[in-house]
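All chains, please: the whole structure from these sequences, using the hints.
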Amino acid sequence: MPTDERPPDATAGIALPPDLASVTALNAWFDRLADDLGLPKDTAHDVKLCLNEAVTNAIVHGLGGVPGGRVSVELERWPDRTRVRIRDTGVPFNPLDAPRHVPAEDILSAKIGGLGIAIMRETSSSAEYRHAEGENILTLSFLDAQDGPR
Amino acid sequence: MKLNHETLDGGIYRIALEGPLDMAGSAMIDPHFAMITEKEKRLIVDLSGVDFLASIGIRVLVMAARGIAERGGRMAVYGAQEAPAKVLKSTGVDQIVKLVDDEAAAIAWVGK
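Sequence lines, in order, name chains Y and D.
Using our numbering, you'd call the opening residue of the first sequence number 1 and step up by one each time.
Using our numbering, you'd call the opening residue of the second sequence number 1001 and step up by one each time.
Quick caveat, the hints were computed from the structure, so don't treat them as lab data.
Glycine included, C-beta positions come from ideal geometry on N, C-alpha and C.
All the given hints hold, so there is nothing to weed out.
In silico contact screen, one side only, chain D against chain Y (beta carbon under 7 angstroms); selected entries:
no.: 1; residue: 1022
no.: 2; residue: 1023
no.: 3; residue: 1054
no.: 4; residue: 1059
no.: 5; residue: 1062
no.: 6; residue: 1065
no.: 7; residue: 1066
no.: 8; residue: 1069
no.: 9; residue: 1083
no.: 10; residue: 1091
no.: 11; residue: 1092
no.: 12; residue: 1096
Here it is in structure tokens:
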């Protein structure tokens, strides 16, 4: 992604406690925001999917049982791209370091884990991770499809 | 997330899901699927009411399909909307969980 940046046209954010109701709250927030911003349908779905993967992982793996843990999402929107930052105060973990998920050949050898990370890698246009000030910070960018649905 | 179920002719168990298969939706259906995979050998899952499918929801489906396959049974999912179908295909899950277009195809496949 270019580092010379115009300021975004719109920004929004939400902070969530690490419990089961939070992803429902995230999705209600995002659906409304996508509508308000007029996000293209494909972009909206891709961003929502990745937010679900990142926030679910943070809640389930990173924050499990940690009192006072938080996940927060920031969204920035430009005319043709969207950037989201998912921050969590959980166990330091870089999802981009995880080994590539290899699809199983048949149902009996299917392994369940790693799918969420694979989805984020494949669905986003770019992904970056850093750990700073006690937080995992995952930044995902999404370019709008240029010529109709992908 | 709503889950409806019925037993069809030939002992085929049909589950119809409605709503998002996000973290909360998946948590809601998980106990029912866990129970069903211990009991049933022919399961079809109608996804036409699922407007959003995340990997946590895929996990429920994959675990059910595996549990049933381990017992010598068959499971098929059908009626997936565009975005969920795309996720099932891009992750390769459609190669391990039988994905068909409609109920007739699902019944035909699990009935074999």
